[in-house]
Amino acid sequence: MKVYITSAPPAAGEATKLKALPPPHQQQQAARRGCRSAVVTGILAGLLLFRAALLAIEAGASLCPSATGCLDWRAGLGDWLYGGSGSDAMEEFMKEWRRGRREASLLDPVVVEAAPDSLDGLMAEMDTMLASYDRLDMEAVVLKIMAMLLKMDRKVKSSRLRSLFNRHLASLGIPKSIHCLTLRLAEEFAVNSAARSPVPLPEHAPRLTDTSYLHVALVTDNVLAAAVAVASAVRSSGEPARLVFHVVTDKKSYLPMHSWFAMHPVSPAVVEVKGLHQFDWRDGGVIASVMRTIEEVQRSSMEYHQCDGSVVREYRRLEASKPSTFSLLNYLKIHLPELFPELGRVILLDDDVVVRKDLAGLWEQDLGENIIGAVGRDGAVCIEKTLGDHLNFTDPEVSTPSLGLKSSECAWSWGVNVVDLDAWRRTNVTDTYQLWLEKAISNCPELSASLNMENRESGFMLWKMGSLPPALIAFDGRVQPLEPRWHLAGLGWHMPTAELLQRATVLHFSGPRKPWLEVAFPVLRELWLGHLNGSDSFLRGCGVVE
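Heads up: the sequence shown begins at 976 in the numbering used here, then just goes up one per residue.
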């Protein structure tokens, strides 16, 4: 056995230490393992650098001056780690890597699933391989790394899908604070005479049909959203006494909606709250038309879930879960002339809006011979979507030349519209809308046959379900383009620039991030909450404001 003497002087009172070297064959094995570990580490380091370069390029960053530069960097690192023999190993590795990339899609899913989940797991498997073989098996190394990367990519995609799904669910929920507010207001209607007082007061009732006033219509079941829309419009108006709001809601939301506006007047403006059950349609034709729409929406809601194929069924389940997809109130916008028979013009607002500037200019817009004014384009650029984004132009029903629609044409949207009701009554727009609603409602031939539905064979494939697509067809050629400043949409999808926010008359929170939800953009949510009274006992008691 060999011994050596340390050259460092011993501490006081400490004897000189003698250390024994391990036997020669153990030294050789240790050296071999260390060399192999260095090779694997270097290959992985190079691979990670290469992967980082690709990610940087995809993200638009510049981790290296170029992809070639990153490869040079990796090769330099390989030379630094292994010297000449390291370069040979790297060349062999890259040869296997290029071949493996071409065959990556052919990897057995079982192999991918069995791949290690972390770098530590990969290193442990490499140590096992090195302990069994004298020479590094580059093909096996590449296979392991390729399978690991594929597994990681699948996990990332799965995580993104779960995130989108969770965000989708979050956008559908109604916060407990709004549930609380609705219930408290309904209770107040029962116990508080002030909550039952007429809306509007009798002395203001003549304004409801006076065409010299500026009439604004909201069709909604969301009390809080309606409160913000109305309050912001009054606050932004140069002549608030000229404003008359018509809030149309369903029977279940009528009591809390009435209670809110009875106890929170917006004087000098006037608000009317009316439930669908309170409309007195004496004309049998009007009743039949409204009921036709109601029946079609209810039937489509029932049948939309009935389809073949689990993937399609799951997609439709998610699509149908959106409140806007089969909301009856959304579809009843098509009956504005019947809802307001004594009015000639209205401004139609969605409930998820905030009015920033006076609406008088919008009210006075010249619509010419058209029925509805809407924002759709900014010069030659489509602000939001094209008709092709809403309608399926691969279906002959939509692409037929008789319709004259073009997929590249800019689409308009609900949210902020000025409507000439007199011009509407002279057309068949409502009938056309209902006809196309029927065309889109069935995907089950057996149901179509049993219900004798000749036009119910499209499989809901004419468009994504919602109230807007059939309106794009029914109002085609009857829409007056408005300047983009009147309507800034998409605030539930993206955060606009400060310049756009500043110039917009109406902010529209179309998209999943509604301002009353926690998933809303914080800046926009604060802007929306700014139109609520922070000291109101109902809002504070239910946690709407703090």
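Just so you know, the hints here were simulated from the structure itself, not pulled from any lab data.
All values derive from a computational prediction rather than experimental measurement.
Don't take every hint at face value.
Pairwise CB distance ranges, derived in the manner of DEER restraints [claimed, not checked]: (1) Asn1167 - Arg1400: 21 to 31 Å; (2) Asp1333 - Arg1135: 42 to 52 Å; (3) Val1520 - Glu1474: 37 to 47 Å; (4) Pro1150 - Lys1439: 19 to 29 Å; (5) Thr1472 - Ser1138: 49 to 59 Å; (6) Leu1476 - Ser1382: 29 to 39 Å; (7) Gly1259 - Pro1150: 40 to 50 Å.
Straight-line Cα separation of at most 25 Å, BS3-like style, residue types lysine-lysine; simulated pairs [claimed, not checked]: (8) Lys1360 - Lys1381; (9) Lys1249 - Lys1227; (10) Lys1132 - Lys1119; (11) Lys1360 - Lys1249; (12) Lys1381 - Lys1439; (13) Lys1226 - Lys1119; (14) Lys1439 - Lys1360; (15) Lys1119 - Lys1130; (16) Lys1151 - Lys1130.
All C-beta atoms, glycine included, are put in the ideal place defined by N, C-alpha and C.
Hints, one by one, checked against the model:
no., hint, in the structure
1, Asn1167 - Arg1400: 21 to 31 Å, "40 Å, violated"
2, Asp1333 - Arg1135: 42 to 52 Å, "43 Å, holds"
3, Val1520 - Glu1474: 37 to 47 Å, "29 Å, violated"
4, Pro1150 - Lys1439: 19 to 29 Å, "26 Å, holds"
5, Thr1472 - Ser1138: 49 to 59 Å, "26 Å, violated"
6, Leu1476 - Ser1382: 29 to 39 Å, "31 Å, holds"
7, Gly1259 - Pro1150: 40 to 50 Å, "42 Å, holds"
8, Lys1360 - Lys1381, "13 Å, holds"
9, Lys1249 - Lys1227, "12 Å, holds"
10, Lys1132 - Lys1119, "20 Å, holds"
11, Lys1360 - Lys1249, "33 Å, violated"
12, Lys1381 - Lys1439, "17 Å, holds"
13, Lys1226 - Lys1119, "63 Å, violated"
14, Lys1439 - Lys1360, "13 Å, holds"
15, Lys1119 - Lys1130, "16 Å, holds"
16, Lys1151 - Lys1130, "33 Å, violated"
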